[in-house]
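Number of protein chains: 4
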Amino acid sequence: MSVRVGIIGVGIMGADHARTLATQVPGATLQAIFDADAARAKAVAAETGAVSLAKGPVALINDPAIDAVILASPDSTHAPLTLAAIAAGKPVLCEKPLAPTAREALEIVAAEALRGKRLVQVGYMRRFDPAYVELKARLGSGALGPALMFHCFHRNVAAPDWFDAKMAIGNSAVHEFDIARWLLDTELATVQGFKPRGAGTNAAAAPVFLVFETVAGPLVNVEVFNNAAYGYDVRGELVCEKGTLALRAPTRTEIRAAFAHSTAYPADWRPWFADAYRLQLQAWIRAIESGDSVGASAWDGYAAAAVAEAGWESLVSGTRAKVELATRPALYG
Amino acid sequence: MSVRVGIIGVGIMGADHARTLATQVPGATLQAIFDADAARAKAVAAETGAVSLAKGPVALINDPAIDAVILASPDSTHAPLTLAAIAAGKPVLCEKPLAPTAREALEIVAAEALRGKRLVQVGYMRRFDPAYVELKARLGSGALGPALMFHCFHRNVAAPDWFDAKMAIGNSAVHEFDIARWLLDTELATVQGFKPRGAGTNAAAAPVFLVFETVAGPLVNVEVFNNAAYGYDVRGELVCEKGTLALRAPTRTEIRAAFAHSTAYPADWRPWFADAYRLQLQAWIRAIESGDSVGASAWDGYAAAAVAEAGWESLVSGTRAKVELATRPALYG
Amino acid sequence: MSVRVGIIGVGIMGADHARTLATQVPGATLQAIFDADAARAKAVAAETGAVSLAKGPVALINDPAIDAVILASPDSTHAPLTLAAIAAGKPVLCEKPLAPTAREALEIVAAEALRGKRLVQVGYMRRFDPAYVELKARLGSGALGPALMFHCFHRNVAAPDWFDAKMAIGNSAVHEFDIARWLLDTELATVQGFKPRGAGTNAAAAPVFLVFETVAGPLVNVEVFNNAAYGYDVRGELVCEKGTLALRAPTRTEIRAAFAHSTAYPADWRPWFADAYRLQLQAWIRAIESGDSVGASAWDGYAAAAVAEAGWESLVSGTRAKVELATRPALYG
Amino acid sequence: MSVRVGIIGVGIMGADHARTLATQVPGATLQAIFDADAARAKAVAAETGAVSLAKGPVALINDPAIDAVILASPDSTHAPLTLAAIAAGKPVLCEKPLAPTAREALEIVAAEALRGKRLVQVGYMRRFDPAYVELKARLGSGALGPALMFHCFHRNVAAPDWFDAKMAIGNSAVHEFDIARWLLDTELATVQGFKPRGAGTNAAAAPVFLVFETVAGPLVNVEVFNNAAYGYDVRGELVCEKGTLALRAPTRTEIRAAFAHSTAYPADWRPWFADAYRLQLQAWIRAIESGDSVGASAWDGYAAAAVAEAGWESLVSGTRAKVELATRPALYG
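Residue numbers (our numbering), protein chains in the order written: chain Y, -4 to 328; chain C, -4 to 328; chain S, -4 to 328; chain A, -4 to 328.
The list cannot tell twin chains apart, which means a pair is met if one copy fits it or any two copies do.
Straight-line alpha carbon distances no greater than 20 Å define the calculated EDC-like cross-link-like pairs of lysine to aspartate or glutamate that follow: (1) K161 - E304; (2) K190 - E236; (3) K131 - E232; (4) K317 - E304; (5) K131 - E249; (6) K317 - D180; (7) K237 - E129.
It is worth saying that the hints were derived from the structure and are not from the lab.
Please model the complete structure; the sequences and the hints are all you need to start from.
The following block contains the structure:
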């Protein structure tokens, strides 16, 4: 019994999901595709062997031939379509962010809690990345003692002009917020934002640096730099009482040429996290088959959004901001 | 239309193939399993959801409900069962070695050539490993000029007493022979074998060192050390006119503890080459669907066996040995 | 004409200076040693071939047979003895910290400025470390554009109980403050201190995390962790507009053993910075010969002390602190 | 009492020795310089503060104001001048090779043995390199068991046309022969030479690959590639029964730029082995002071020459060659 999946939005991210589903995930059928750009929908369907094209996003969600939904449409549509999936009682894998504001994300949490069953998974795929999974396992083994600090670095090659510090926090750094919460198993409590300044510095393009205190105690700091120029790079080091654990890039070859010994950086996140996306989709389908839930929940999506808002508030005010979270419904453990 | 696969032999290797097929390869059905140990066959079938248990290996091959066969049974059965699959006109993925001797491997080549269609793929999975694939692509780009040397290191943790130098060459180093032939696109022409000696050395457990001249010109040298103790490790460096290309271990975390900065080695080849096995199976199924062939052919299996025999001959005689190959049938390009 | 050097204090640091002077620095004579522990003074003199033992620190400074003084006595003696050297008109290399408080360091600045000649060098030896020197040269080349952030990590194996967060800032992190000022050629302007908390955390032993804004613009952050357990480790990454520059440990061998590929960490700073100490002493002697001055000045010693005080103030108050500096005398450029 | 040193030949190598002696070696005086190019001698003397210029090499050696001699003149002069130094009873540090042929090197051995005192040190400076010294110490600790293989890689950026395979063996690879003999504490017994061939290969510029059996048992293999293009690079891995030990480049910074994470290679050997040259000179002077001898002896220089001759013979003949050594005089232990 194959899980029949419909994908809403087949831009870069959605088309990648479609390909991964078609080539890497047994037990799933790519049943329908919808995209506001009909030609793109058609092209991706042809490439991936999707069974049908849907008339609209809500029609896709409510189609009885669809068992589960992947949301990779524009950010502004995430919240209403996730709510529609909850209303239809169908599992939905929603790309981050879950909603444009923490308040709207909380409405999704409330709707899902009311329904009493976890249907929403937010696409924080790093939770399935072998490097982070190994980090968590090694931390959990206790061999290095409790965590004290988590240093995070998130660098992209270049961002368009309109991708400002607020977006760097709300669209890039949220991956760090989620993975820190997951790794350390705690909520982020306060945040202090910093930004380099000065004559030679392009303020819009400059990195953002955030330092968090957590409820459990460890500090977390995040550098998010969307114009790092040199390559896509994600690093993390977990400092524990008896040692540290760090991520290592997924690079498989080394080059010696032109007076340098080097490894290559990719231009974007896709090769870096290809395994994570594959494993996330496989885990999502298996969870649907077994009636379980895995990965980042609606609550996690809400918490990341609330952290982002506090981070932006601190950066603007120059003072420490508190991360204010609603009461966590019992559904989320 | 799913490809219905039967697996003969579900020891460590065959059971891994069964799991990979069940969880990572869309378009395939695990239709039947056979193992001389019926309990093992049953257990693996239960774990992987195999449709049925076969009565015997030949029965499995000839079962009309089977479209393609994976051979992971004891080495001595590879040749007769591969011939049976050719006779049945069914694609077969045969674990290495293809046959115990080059002569017997050549019989398979002849049988397949007579049939006029490539049905046999030998499980030299490294050809699908992302690190080797990247090495070949970078070499092929021409940026570093032609290859001059290829240094190969193949280390296992420990081998049983009966795993002597002959087996080290015929069962471990064959992976290096195949990948060198594939990367450099040439046949190995001569070989000179060496072995450390001396008072402190356990001769049976010692590494073997082989140096090859190739038809195209580059030198290849292989250290195969099955009692390297420290971990499973495969390295390779391709020396070109303008630089070198090297493999990098598939390690994803770094540890700082106990006065060391370290990365971990696995105990065996499975985590190291998990991607290669997955991609090999996916490529095999896709090739069956499209009527193509991919990966190492029967000819490649034969050539690796012939190289191994020359390597052993040189190690025994202490003089350089020639790799004698039959004429390559047109089927193999 | 050899520079006749007297060393005051031959504990770990002073004895190392004596050995380095005796074996690595042409143009210098180890003329006299003084230590409050006479036996220790005698032993080090015997080992290093020092010409004589001094009766007291001030006697040594004022001895006409002494051309220049190295101060490696207890921290509390640094300020008065440095003032004595200035009064005697003799070059002095004073181990950090220059003085216990910024106020006292400023008195030294004033005394030296009054004299109108740079005599004081503070032993911030990292300015001579090949790794930092290369970092500064690469930054200065402009190839990577201006600096935006500097991430610093300073870890020791273990500190005694009385070595609290205040000392971590004033005695360990000062190295980072000095090197950041030197690398970025700017003063540190504000600081915000953080500390991990929580049930599992030994507060006294926990790391301190400091984030600085600088006058020129780049951010600087410093983790100082004196109980890092795993080894002595100093790291730094300079994030520039077009790429980053990082320190690499001075490790010369790699070990593959026990399922790990590793490099070793030393137990303390001495092997890590042995080159820096040697080059610092050589440069100091050459500067004395030529009448120049090199390395960290009294002003630099004062500035580091002022930064440390602001860091501690911020850690205690939980709010951002300003680094208040006096007016820089013309002597310091 | 300073050791008064005379340097014969101040080309690249000799001028470096002069600078190192003047700036890094207490206890030595640069007493005299001779170079066939009088202007060059004068310039280097001015730069390094040499006391005088000598009229000729033999005059320098026999000058009573000279205690010890460094020979960095053209290779062809090494043997006669070393013999002159022995005749004068003066310690001599002779750049490699000790003599153009093993036969002539053996004459030096005989002359020194007759005199009954070690006066000759051959400039195989790697014996003082911290990386090799650490390798030997770790091997000697026994923690990894006995050595089985030693893999050596020696790469230069580019060699002139006249620097053929014979010179690659006799002038570059000799460093590897010496260090292997020293590390493994054994003589090299047989050698088999190899060279890549083929259409795309510049035969003159191609690497040479040599495989050695040793008297003690471990295998040694050496790749020497003088046109490696990408940078100056020396690597070595010692394979022991329980693990391996490898050299690590003396690189102190890492760069992330232009889609690569890289470390830089130098253009030649000087920065790589600067520490080794400094430590070699210091040890040589200390040994002269104490009447001891350190480093590579005349016997070692002879043995390296004999190995080079056998290596070339094997490369020409295509068959294994035996390294034939004379009887080792008692003077060499």
